[in-house]
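Residues per chain are reported as follows:
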Amino acid sequence: MSALTRPRPRHRPGPLTAARHCLTLAGRNLLHLRANPGEVIGFAVLQPLLVIALLVYVFGGAISGDPGTYLQYALPGLLVQSTVTAALTAGSGLHQDISNGVFDRLRSLPVARIAPLVGHLLGNMVRVAISLVMLLVLGAVQGFDIRSGFWSTTAALLLAVLFGSGLGWLSMLVGLSARSATTVHMFSGILMVPLTFCSNVFVPTETMPGWLQWWAEINPVSHQASALRALITGGADPGTVWWTLGWTAVLTALFAPLAIRAYRRRV
Amino acid sequence: MTYAIETEGLVKRFGKVTALNGLDLVAREGTVLGVLGPNGAGKTTAVRILASLLLPDGGVARVCGYDVARDPYEVRRIIGLTGQYAAVDEGLTGAQNIFLVARLLGLSRAASRRRATELLERFGLGHAADRKARTYSGGMRRRLDLAVSLIGDPSVLYLDEPTTGLDPESRRELWEIVRQLVSNGSTVLLTTQYMDEADQLADDIVVIDGGTVIAAGTSEELKAKIDRQTLEVQPLEAARLESTRRIVEELGGARAVAEGGRLRVQVNDPSLPVTLLRRLDEAGIELAELALRRPSLDEVFLSLTGRGAKEARGAAEHGAAADTAAEDDTEEDTA
Numbered sequence: 001m002s003a004l005t006r007p008r009p010r011h012r013p014g015p016l017t018a019a020r021h022c023l024t025l026a027g028r029n030l031l032h033l034r035a036n037p038g039e040v041i042g043f044a045v046l047q048p049l050l051v052i053a054l055l056v057y058v059f060g061g062a063i064s065g066d067p068g069t070y071l072q073y074a075l076p077g078l079l080v081q082s083t084v085t086a087a088l089t090a091g092s093g094l095h096q097d098i099s100n101g102v103f104d105r106l107r108s109l110p111v112a113r114i115a116p117l118v119g120h121l122l123g124n125m126v127r128v129a130i131s132l133v134m135l136l137v138l139g140a141v142q143g144f145d146i147r148s149g150f151w152s153t154t155a156a157l158l159l160a161v162l163f164g165s166g167l168g169w170l171s172m173l174v175g176l177s178a179r180s181a182t183t184v185h186m187f188s189g190i191l192m193v194p195l196t197f198c199s200n201v202f203v204p205t206e207t208m209p210g211w212l213q214w215w216a217e218i219n220p221v222s223h224q225a226s227a228l229r230a231l232i233t234g235g236a237d238p239g240t241v242w243w244t245l246g247w248t249a250v251l252t253a254l255f256a257p258l259a260i261r262a263y264r265r266r267v
Numbered sequence: 001m002t003y004a005i006e007t008e009g010l011v012k013r014f015g016k017v018t019a020l021n022g023l024d025l026v027a028r029e030g031t032v033l034g035v036l037g038p039n040g041a042g043k044t045t046a047v048r049i050l051a052s053l054l055l056p057d058g059g060v061a062r063v064c065g066y067d068v069a070r071d072p073y074e075v076r077r078i079i080g081l082t083g084q085y086a087a088v089d090e091g092l093t094g095a096q097n098i099f100l101v102a103r104l105l106g107l108s109r110a111a112s113r114r115r116a117t118e119l120l121e122r123f124g125l126g127h128a129a130d131r132k133a134r135t136y137s138g139g140m141r142r143r144l145d146l147a148v149s150l151i152g153d154p155s156v157l158y159l160d161e162p163t164t165g166l167d168p169e170s171r172r173e174l175w176e177i178v179r180q181l182v183s184n185g186s187t188v189l190l191t192t193q194y195m196d197e198a199d200q201l202a203d204d205i206v207v208i209d210g211g212t213v214i215a216a217g218t219s220e221e222l223k224a225k226i227d228r229q230t231l232e233v234q235p236l237e238a239a240r241l242e243s244t245r246r247i248v249e250e251l252g253g254a255r256a257v258a259e260g261g262r263l264r265v266q267v268n269d270p271s272l273p274v275t276l277l278r279r280l281d282e283a284g285i286e287l288a289e290l291a292l293r294r295p296s297l298d299e300v301f302l303s304l305t306g307r308g309a310k311e312a313r314g315a316a317e318h319g320a321a322a323d324t325a326a327e328d329d330t331e332e333d334t335a
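Chains as they are written, first to last, in our numbering: chain F, 1 to 267; chain P, 1 to 335.
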């Protein structure tokens, strides 16, 4: 090895450049979204419409006496469920990028290393936001009463998107660690059950057996659902907002470093 | 002398499999280095290290003087990479694919759009600019992939089996593009498992097997070594095999291998078939088949390594699996 190597001006992207890379790659996700209007309609309109119809009109009367009352209880929960569903797709897109070589292409460019991950996360957050707004609008059309003001509702949606980003890191960790795309989907499907069904999303937790109640009470999804109820309908303890923020911080603090580590290892 | 690409004693292991076992490569600036080898020889691993996608376990890899392990960002500013499967975003159009990477490289929106138009035209994809890459044919995808890798005007370009799986016409188109690039002064590292591809494009060729160089030289030098042809003779009557063999070995000056009633011998005298036909005719031996053909990659490997490429592949199968299946999906060239 020769002693005379070239002087090494380091061109590591600075924070501003890195932020630009992240935004450009988030923009890429949105291009995908725009290129597939069918997908947007599917996940943001049809799916929530079906869920509302099924839950509120089929089960609603039995659970709450009449569909209207149940809609008022369940819609904030459905918002959370929608958040979880959409957030857990972050890993699939990531996995796809790795298996078809797009990741290698990005990494062979002088692009901030973290940008492909953050790009997916940001793109996913926009996806979550779109589905939340659609669901809320569809709910309002069905008679859901938004009892708080515009800002409070906006804050609720932002809170949900933020919470989704915490789960997005978890999903990306799965996408990075899994060997096949099927594993990623399966994991998301399995995770949905304890997160959304074993919570106060669909029914109050009082009738659950003790152990399940214990989980449903500390389940981050329950806190998130209560926080949305507090912010949108005023029907729950506003302290849950802080719980939700805390859970978001915990999820991010736990899974972001793990995802980044898996990312460095994988690629 | 500064080499555009330089590796010294590169070692890379995947678990128990040694993909690279002390690989030494050099590519002079403005030339094409052809890296020839069977599946699992370590070609893709070498490219991935040189592209800063993998860290070597030992040895040094330098691109234009920059160590890929210590200065990956510098390396990424000067390289372009086209893998053996086209790494294009299928959900985006051709134009969007280029626009996106151009933006990442710091071009303005307007400049990125111009670059997309210009590159798509140059690669004959202008008509498909606004179609999703998903709808492109295999040849179009490779061209788009190559176009994307050229956005930043890289001075060093890696083409990892760029024509594997392409039809002959798309292959020729791609070769033409590579020739143009080199005439503009880029340095190209081309990996291939096709003899004729290395022959057509490369100034220098290294043959690698088992993660190490087993032969190196210019195309002419290597050809002198391996440009023997294979003569196959099959007598009509199997009983005449031995007498045929005597004549073939006498004229060819090498041992003939018998297989399924057919004799095979390596020869380098193009006039041999004519002489051979006369002698066999004199001896009253009728032929079912007489063929002279260029050596297959298998035979080149046999002559260079003393074992067939098929064996080499068998030995490297585990390696290929560890190599994220990057060297799968390729066809063997025995033409």
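If you are wondering where the hints come from, they were derived from the structure by calculation, not from laboratory data.
Warning: the hint list may mix true and false statements.
To be verified - A few chain P residues that face chain F, going by a derived Cβ cut-off under 10 Å, partial list only:
1) Arg13
2) Val17
3) Arg103
4) Leu105
5) Arg122
6) Arg228
7) Gln229
8) Thr230
9) Glu232
10) Leu304
Since the model is a prediction, treat every value here as computed from it, not as a measurement.
No residue lacks a Cβ here, since even glycine has one placed at the ideal position from N, Cα and C.
Hint by hint, where does the structure go against what was stated? Just the numbers, ascending. 1, 2, 5, 6, 7, 8, 9 and 10
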